[in-house]
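All chains, full assembly: derive it from the sequences and hints.
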Amino acid sequence: MFRLFPILIVLCFVSPIAGMAKVVDESEIDQQVREVAKMLRCTVCQTENIWESNAPLAHQMREAIRERVMQGQSAEEIQAYFHSRYGNYIMMEPPKQGINWLIWLAPFLLLFGGGALLWREVKGWVTKTPAPQPLPTLDQTSRRRIERELHENQ
Amino acid sequence: MTRTTQITILVVLFALLALFYQGLWGDPRHIPPVLVDTPAPVFKGPDVESGELLSSERYKGKVIVVNFWASWCQECKVEHENLLRLYDEFKDHPEFVMLGINYQDEIPKARAYLQRYGSSFPHMQDVKGALAIDFGVYGVPETFVIDKQGIIRHKWIGPIVDNVYANLTQNVLTPLLQRADTQVRPYDPTT
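As they're listed, the protein sequences go chains W and X. For the first sequence, the numbering used here assigns the number 1 to the initial residue and increments by one for each residue that follows. For the second sequence, the numbering used here assigns the number 1001 to the initial residue and increments by one for each residue that follows.
Derived CB-CB ranges, DEER-like:
(1) Thr137/W / Val1012/X: 49 to 57 Å
(2) Tyr81/W / Ile1007/X: 42 to 50 Å
(3) Leu118/W / Gly1158/X: 44 to 52 Å
(4) His59/W / Val1012/X: 42 to 50 Å
Hints were generated in silico from the structure; no laboratory data involved. Note that beta-carbon positions come from the ideal geometry of N, C-alpha and C, so glycine has one too.
What follows is the structure in structure tokens.
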């Protein structure tokens, strides 16, 4: 019995650590599932991702993601699988390729185009505004009259 | 503002209007099926009624109609009679196979459904819906037609009724069954 005592002591310390290790793994899997699920659209919902949706299909998809994460597949591999089944529609962010570039670049192009147009128009207004005419210089008679009137008022 | 600038702005505005038009007046239910013309997923699972193992391997070299359904699905009830009619119409063709996939259902309810509405072709269980995801299914009912080479040639979302039935039988199934190329093209369905 006394020979087993050291082994029991070791087991007392090791068992909880083994349990904790499992918990850490589970949370990592949950985190990976959440990351992937947030990138994928629930195909039967309105602009909702798989992670946030309560639809049965979204639930199945979360389970499918979890199974693939546990098989050791990367986020990219899992996304590629869903993309191969449902196409671009399932991606919350349209992939940066082909016609999709229009979606990504259009806001910046419109902003740049609008800005350039505005700058050009404003510049046109500025150049078309006539420069102020120089004031006519006072002749000697007028100057003397003004000085006299100012002197009288003081 | 020069004439060129005005024309450019007009062209951009018309292009945007065309995009909006396409987005607003298009059919929102139409989602391009990406799996058509690609190899069908491999499948394996127990028969709903007998429990016997069914697999895609068994149906190689045949034209397969795969129909996803569930006992809780109202539209599946609408099309069920047509599915039985479809099977009756083509069952004597040696290269025709029809398979129902029972999607996310309880087996007793699925069996009761088949007893009530009739069953003439096998139905495979897909309780977790994993096979449905492999097939890119959005909901039930959905029907796929797989050719003799194992390539998905047709997909229909919704019940097989009226014109859909006519189109499926006349324009999809009949030509595929009449095609002489029975040689199975090797492919890797896992990719």
